[in-house]
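Each chain, written out:
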Amino acid sequence: MRKTRTGWLLLAPSMIILFVVGIVPFIYVLYVGFFDWNLFSASREMNFTGVDNYRQLVFDPLFLDALWVTIRFTFFAVVSQLIIGFFLAQMLLRDFPGKSFFRTIHTIPLMIAPIAIGAIWRLLTIPGFGPVPFLLDRWFDFDFNIGTNASQAFLAIVIMDIWHWTPFVTLTMLAGLSALPVEPREAALVDGANGWQVFRYITLPQMQPVVLTVLFIRIMDGLRTVDEINMLTNGGGPGTSTRTVGIHIFRVVFPQTDYGYGSAMSLLTLYLTIVACWFLFVSLTQVRRR
Amino acid sequence: MNINTRKVLGYAFTYAVWIIVTIVTILPVYWMFVISARSRVELFNAPNLIISSFYTQNYTNIIYDRTFQSYMLNSVIVSTGNAVLVTVLALLATYALSRYDLVGKDNIFFTTLTQRMAPPAAFLLPLFLLYTQVFAFGEGRGRWDLYDTQIGLILLYCVFNLPFAIWLLKGIIDGIPYELDEAAYVDGATTSMVIRRIILPLAAPGLAVTLILSWVFAWNEYLLAATLTNFEARTITTGLAEFVTVTGTNWGEMAAVATLTLIPSLIVVAFAQRYLVAGLTFGAVKN
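Protein chains in written order, with our numbering: chain V, 1 to 290; chain A, 1001 to 1287.
It is worth saying that the hints were derived from the structure and are not from the lab. Because the structure is a prediction, the values reported are computed rather than measured. We put the beta carbon where it would ideally sit given N, CA and C, even for glycine. Please note that a few of the clues may not be correct.
To be clear about the criterion: a stretch of chain V counts as covered by chain A if any three or more of its residues have a C-beta under 8 Å from a C-beta of chain A, and this derived list gives those stretches [claimed, not checked]:
hint: 1; stretch: 124 to 133
hint: 2; stretch: 216 to 224
hint: 3; stretch: 238 to 249
hint: 4; stretch: 264 to 270
Residues of chain A placed beyond 12 Å of chain V at every Cβ, according to the derived structure [unchecked claim]:
hint: 5; residue: Phe1054
hint: 6; residue: Tyr1059
hint: 7; residue: Asp1065
hint: 8; residue: Thr1067
hint: 9; residue: Asp1148
hint: 10; residue: Arg1197
Working from the sequences, and respecting the hints, build out all of it.
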């Protein structure tokens, strides 16, 4: 190992940038959260109000509503992605002609800008002349309108997220599945286990660390989804039915210029995410150790 | 049922599934392209997948538009600036983390990951205040702050790209044998020579992937750009969102912008597909 001074010198630029744009905002938001501060109000001063902002936050129906939407959205999207992704990964395990073609096409949504994904799905579901509402109306006489129907709008954002992120689950699961040793599975088959038993008692336990890693990453990303939902439902409409916490901060709290309250909300969101993160991470490392 | 019929049925099932998946993946993207080729009047006809006449005005209107040209240029400058900065800094940082015995380096390494995981929405407000109130110099007309500047966005995108780049490169640099460095140092090479002459050529493919993926992530970013720019430094993603207005949306032009936004992503999928998994899972899952 080399002299450590040079090492720190090499590391310094990255650490300084990450500190300034990553850690400083965090400390700053912690500080501002204890004040009543609005740059555009009559008094532009910062007034210390202690934990008032947080007290207000716990009873803020809009915030709690947004939190509930975020959790529901993440739950439905991630569970569906996990099931579909695992299934598709199984289908890619053995070789067949054209496999790499199908896999490459499947990867496309991962690299598209989330805002463009929102635009794509918006074009599909424009009430009236988008192909989805149009064909549903013509074939089944079914009225599909994400501009007015809350549960249909929620369904639309979940389906969009499944379209966007299932490839990620498929690819990671595939990488995990191909790295598994074959012997236990073969031994079980020789002993007369059927396909379901092999899957349930051998593949699934072996895959547990990979599944948890994917779950961890997907839940983190799901909780902070903003761009595509904001674009698809125009800021979380109709009403607040698809307004996640991120959209709430971006579209409602931020323009209100109530900086103290907004900071408190940002911090609480960050805190809740970290707790969720930590909880998942602990279970992840414990499973890994076993 | 003999073993051959079962095999054929298995293949048929696999193909059926993958053809459906491919159609479901392609169709929405293709539909966007179809809309971008339609005039306003044609839009209200029944949905139709065939492009009979290509209405190029959606594209020319945008490409010759001054505002849009500046958005496009900003996006290119910000993404390129950020990708280069991130790759260089990450190379130095990973070399340090890989080769030096630094106190608490595992913690440093890990802290970078938590930064990537934090919800960007929680940083909107503090960053806005920092960019407009704290990192501001001068008063009145000579006032300068980071808000609405390209350099502001370039620095900002390091929050998510730098941790990603460090995690991706760590595995690659750890894989280069330390004996090579050692031999060079014995021959009297300096640290900068070792990085340039030994690490750089050997890690070149990894560096290229880091550069490309960071570029795309910066290109795709919307939320921070929408909050921390106003006019001067707006990027193409914010331009795309601006098409949706209360008074009505020009769907054809919006689809054209979305198509243009998409092109870099498609190129990346074609070239860097193999490294995507390792990149997106921070090396937790390799393929």
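Against the structure, the hints come out as follows:
1. 124 to 133: Result for this restraint: holds, n = 5.
2. 216 to 224: With 4 residues closer than 8 Å to chain A, the stretch 216 to 224 of chain V meets the three-residue bar; holds.
3. 238 to 249: That given contact holds, which follows from 4 residues of the stretch 238 to 249 of chain V lying within Cβ reach (below 8 Å) of chain A.
4. 264 to 270: holds (count 4)
5. Phe1054: 17 Å, holds
6. Tyr1059: Tyr1059 (chain A) clear of chain V: closest Cβ-Cβ about 15 Å, beyond 12 Å.
7. Asp1065: Correct as stated: the minimum Cβ-Cβ distance to chain V is 18 Å, above 12 Å.
8. Thr1067: 17 Å, holds
9. Asp1148: Since the minimum Cβ distance to chain V is about 16 Å, Asp1148 (chain A) lies beyond 12 Å and the statement holds.
10. Arg1197: The claim holds: Arg1197 (chain A) sits with its nearest Cβ about 16 Å from chain V, beyond 12 Å.
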